[in-house]
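J.: Protein sequence lines correspond, in order, to chains X and E. With this note's numbering applied, the first sequence covers 1 to 1025. With this note's numbering applied, the second sequence covers 1026 to 1480.
Careful, some of the hints might be misleading.
[What the hints assert, rightly or not] Partial chain E-side listing against chain X, Cβ under 10 Å, derived:
1) Leu-1049
2) Glu-1050
3) Glu-1056
4) Gln-1070
5) Ala-1081
6) Glu-1110
7) Tyr-1112
8) Tyr-1127
9) Ala-1198
10) Thr-1292
11) Arg-1298
12) Ser-1347
13) Leu-1458
14) Phe-1461
15) Ser-1464
16) Gly-1468
No lab work stands behind these hints, which were simulated from the structure alone. Just so it is clear, the structure is predicted and the values come from calculations on it, not from any experiment. All C-beta atoms in this analysis are idealised placements derived from N, C-alpha and C, irrespective of residue type, glycine included.
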Amino acid sequence: MKNVYSRWLFWLLAVLCSSTLDAQNVSGFVYDENKEPLPGVAVKILGTGIGTTTDFDGKFILQNLPGEVVNIQFSFIGYSRVVKNVQLKPNETVQLVVDMQPDVSELDEVVIVGYGVQRRREVTGSIVSLSTKDITDMPTPSFESAIQGKAAGVQVTTGSGLAGSGSVVRIRGIASVSAGGDPLYVVDGIPITQDYFLNGNRGGMNNNPLATINPNDIESIEILKDASATGIYGSRGANGVILITTKRGKTKGTQYNFESRLGVSGPTARPNMLNSQEYLQLFREAWINDGNVGVPQLPGGISWEDAQNINTDWTDLVIGPGIKQKYDFSVTKGADKYNLFLSGSWQDDESYLIGNSYQRLSGRANFDYRVNKKLTINSSLNVSRGQNNRVDAAWSGGLGAAMSTALPIYPVRWDRDNIDDQGNVINQRGDYFLGAGINNNPVAQRDLKTWRALENRTIAGVGFTYKATDNFIIRGNASYDYMDFKDDIYEAPGYDPNFNFGRAFRYPFYSNNFNSNLTATYFYNPTEDHSFTFLVGSEIQKSITNRYDAFVIDTAIAPLFENSEQQVTNNPVFTTNEWAFASAFARVNYAYKGKYLAEANFRTDGSSRFGSNNRFGFFPSASAGWIISDEEWLKDNRTLSFLKIKTSYGINGNANIPDYQRWGTFSRRGNGYNGQEFIFPTRLENPDLRWETVRTVDLSLEFGLFKDRITGEIAFYDKLANDVLLDVLVQQSTGFDRYWDNVGTILNRGVEFSLRSRNIVGDKFQWTTEFNIARNHNEIVDIGPYTEDAVSGGTNDTRVVVGSPVGTNFLVRFAGVDAETGRPIYLDLNGNPTFEWDPANRVPVGSVLPDAVGGITNSFRYKNIDMSFMVVFFIGADIYDSSSKRQMGSFDSEGWNHRTDHFDRWRQPGDVATFPRLTTNPAMHGSGTPWINTDLWLHDGSYARLRNVTIGYTIPNNKLEKYKIKDLRVYANAINLLTFTRFPGLDPEIARDFENATDRNMSPNITFLTPPQERMYNVGVSLNF
Amino acid sequence: MKRYKLFFAVAAIGWLSACDFLELEPQSEGELLARDALNTPDDLQKLLISVYDVQANFLGGQYQNLTELLADNVAAPVNNADYLEVYGRSTNFFNGTVGGVYRDAYITIYRANVLIESVDLISELTEDNKNRIVAEARFLRGTNHWFATRLWAHPYGYTPNNDHLGIAIRTEASQTPVARSTVAEAYDVVIEDLEFAMENLPDINSIYATKTAAKAMLAKVYFEMRDYEKAAQLAGEVIQSGNYALDNLNRFEGGGSTEAIFTLVSTPPNDERAQGFLGNYRSDVNPNPTLKSTLELFTLARQDTSDLRGKEWFRVLNPGESNEAYGVAKFDFNFMNVPVVHLSDLMLLWAESKARLARDLPDALDLLNEVRQRAGVTPLSISGQIAILDAVQKERRLELAFEGDRLFQLKRQALEGEISTIRNAPWDCNGMLLQFPVSEQTGGGFQMNPQGGCN
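So that you can see chain X by itself, here it is in the shape it has in the complex (with noise of 0.2 Å):
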């Protein structure tokens, strides 16, 4: 103790002696680059131990300084460093005004993680974080999408066109078959409700829940792929996590932002269907062949005669452009006790199908309030109304039916009175032609049918922060997502032929999920040297979903939205599925000089889902790093400014499965056989179900040069998936159809790399290039006893195949077409030809996923214009044209119409054609039925695509300044605009509506009839003031 005492007596011995007595202050504020205060900046002398922080309007004073001259450096993590000379005379005190910049390494930035935040810098896991900007360039109503092509290792799907539909989210390649492959969204610490097919499939895409998130609110999006990232989340990190932060108040003072948008949108192609002469020839040429005399037998009930006068081009008469509009207003609040975030939004997105659009408005309000110095009380909410006026589309109608069975041989109208054999008359002129039923009348379908989802959601949040000590902190977190979704059909009289009055339907679902969770931080920093941070919490989740058979109203004069009183007329069923978790994680971070890293985490975590046998899995992860650009050796590199190696392995695990699979179940109904009440077997029992676990090892390299001029990373991974659950068939004289479970295992390496490089720095003008691409091998390993067949889903002959990706194309080959006979010749197992097509002889040719995926984005700024171009690409993965087997088939009863390409068939001996001999007999091409799955119709998906294109214009601040406008842009931009690629259909970036996750996992890219993307034209302002 008293060695101690006297080293401080010696300082202030020494200090006191090498100045004089007089009082020298500096004091000043520090400003951030928006001009606003910035608290929390480090000030420090330089060779002494005297410094402060700014307070929270960026004010610091440094008193009784010695009498020289001192050097003082600011430092802000994400800000660069700055360092002011200042000269003291003796009773002086020096005010200084101090403006930070961002740091443009972005290194020390914060990186949102699980349960909490580190420094870009210090990670050692694998993770994407994209900014504001990133997430609101691209004019769609939910953020997911415009994630595509941003982050290497993440794979995005746009939906369709359809208004209001979701994506399809891989990262790192697919490790499930079964269980849900999607990875899990956070919001603000929420784990949300996201599956798109929770209350069904109905019209080929439902509304897409995670378009409730106003993209405009969010701060910062995190993309979490490797095991020691997902690793706090344990058992529900196998495919991934995606965190999104939304905005908070940060800054004292008031601002205000407004931004508006206004955009219209048509199909990035059209369908090249036969008009009503062609298909008359084709159909007949086919007749012919089949060694027919005279005409066939039109579908619908049309005559040959009358079918020469009628060329109806259904896909004129549902596609129209769609006009889109968008109006955001929010309010950013800072004041010594609180912080504030407001805002609102509206959005009318109209698809280019008629009929079609999504609008919602949403609001929301965070809130954070300072008790004291210790407590802070934070609150989030979010509130919304998303409304999808939907039509039919795909396999259900619509721009579905004009690419198939609504033949241009079909009126809209009848354009006489239709009398039958008795004289009476069936249909009047100008009555919708309904010959072939409504579906193949899509302006009937469209005009008779009034469809709407409604979805009301709350998401919120109330937490707090308790700063025990300035080491020692726990946060605690409940939050609430409730939606309430219902589907209102209304069918017109005449709609249903079997039905002579209006009919409503409803489809009610309702969505609770719980989530509270506890973490305790604590910092121990035991010298210099050496510094930890550790982690405890737990956490539990519990969702409820409510939902009911369809209410049906028999007699109905309007939707049930719009008359309520109407009764109804059926006896729905009611079920509920409740699911839980419950769990305690850990995560112990160290750092040695700061440049050596390590983490580890543990996750335990407990899931309904599960039997008491295997009810707990224990998830570990650790990872480790060195920024070996730290050392001493490398530190003056000219070159290399930023070089780190980090490696972490873990394991994770999947519980994405449906609720209840592992009880042995009996349902009662009532009203069966001869009116009897009745009870029967409905699943057995599975107490030996378990977690699907992936063990994931990555390496990865991050690199800085020039200064940080151009930034990267390389990352290496594996991912190995055991005990993957499928749903296998089981022998079907079980009496059962399926039983889940834990039998492949699926391997995942890929390698991913991103560049960032900013070419030009110039004052006037910049420009910056980022670029990213990631390669994914997946390979099934093992699936246990079962065949190739042994999933349920795989539509479309996408199977698990040892030694094969997941959603392999399993199909018969397809050898060409015989000169002589034109018919098609197969290749049989052993690749003889042979005119007989059999399903066992289906081998494997082809892969859903993709090999590559990636995108480009090039930036320039010249004075206030700005400019950029983003391509994205996609190589490698096969497409399955399901609908152009029958497109391009044979000629049927069913009624199809055919596509242009179909023109290139064999016609007469000699004839060298890619399509065989029209028929309308599926045994003159070798089987039994007309719907044939060869390689035929598989094709190479690979596209490269002119994803965004946007230009735009910041005011001079000088001319706003009378306007007290802070900022003003204003923008144009042009989504998918160029499309470069092989597939002869119709879009090549698919995602089907597939509302099982076999299938969404197993065949993404199995288009059938599915409508293309938007291709859109936007102009937009943003305004803060």
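Use these hints to put chain E onto chain X, whose structure you have.
T.: Same frame as chain X, now just chain E:
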């Protein structure tokens, strides 16, 4: 430090309560945990109803239509690719309609097995009820094993020892994959079940299976095994029981019929079980039904202008036009019962058996004429085994047209050496058997039917 302790205490309490928190049971309307499902005799009765429930769907036309598609009564189907494949005698293991029919057959069997295995667990169940329930379950299980064998395996008698491949036999409620039995084994199981049912079923059992139903079913089984002796014996007992009498022609009409021996019923206003018939055949509401008669059968039916069956069961569609077709009117009902076994079937069965045995020929002719007279046709006065056999077979085709009988009649004739082709293809070509669903291969060792060879 005190605060830390509090924190850990809260965390620990939370963790300890996690186990209950995670114990979530299904609680949807009508959903029961297996352990709570079967506790009372009433529960078992309800499980039994569920067996009939699936059976009524299985035999509501779906099964019968597949048999007709392989035979020569119906023309090429329209608007149904799965049916077209069956008609083309080249079903593959993805045929959803075929798979669905197979599935229903075995759901019935599975539920019957659960029932049979559960009766001893319910102590309050009386011995009578127990015997009845087991007998009903075994009646349906035996029937379905037989029905599956008939479509997915070559017939009894195809090989001398009947050691050709049969079907999956399921006499236990088990998930274990099984391989195919032989046809001999399949028939053993079928006969054992039906004999048990015949002995233990009550004489009267509301609309459900009775002793005579089992007897009649067994008669049909023996008839198909070409054991005409036993077939005639059992059928004779049923006919002579006096419980059944020929009704008018519309034995399918809702409300029941005096000639129905075992019927699956539809219950107005919402429960229509014969959708397989109505949805595919009805030509009164659909100008282009999926299934229509062949010209050959139509011509046969209208040969005798007084034959009510020709008049009432057929309808010419688009007469005189290039697309003239022969619609079926036999199933023009809104609610239809399906008499799985009925009196005219057994009468003709008895007559044919006797004719084949060359015994009681005058009695055989009498029964044949009773069936003819009911249809408004003049009685035949013929004699001799061959003449009577021919007449009975012709009568059988007409009387049971579209009811799912013709295919088996033809196969039997083939085994008797009377014919060698069915609709221009070898009667026993590969495609005459339906293919099993793809999932039967799960577990390995299940031999699928070879395909092709019929065209």
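J.: All hints, please: hold or fail.
T.: Right, here's what the structure says about each hint:
1. Leu-1049: holds, 4 Å
2. Glu-1050: holds, 7 Å
3. Glu-1056: holds, 6 Å
4. Gln-1070: For Gln-1070(E), the interface hint holds, since the closest Cβ of chain X sits about 9 Å away, which is under 10 Å.
5. Ala-1081: holds, 5 Å
6. Glu-1110: Hint holds; Glu-1110(E) Cβ to chain X Cβ min 4 Å, cut 10 Å.
7. Tyr-1112: holds, 8 Å
8. Tyr-1127: OK, holds: Tyr-1127(E) within 10 Å of chain X, min 6 Å.
9. Ala-1198: Holds. Min distance 8 Å.
10. Thr-1292: It holds, given that the least Cβ distance between Thr-1292(E) and chain X is near 5 Å, below 10 Å.
11. Arg-1298: holds, 8 Å
12. Ser-1347: holds, 7 Å
13. Leu-1458: With a closest approach of 14 Å, the Leu-1458(E) hint is violated.
14. Phe-1461: With a minimum Cβ separation of about 8 Å from chain X (threshold 10 Å), the hint on Phe-1461(E) holds.
15. Ser-1464: holds, 4 Å
16. Gly-1468: holds, 7 Å
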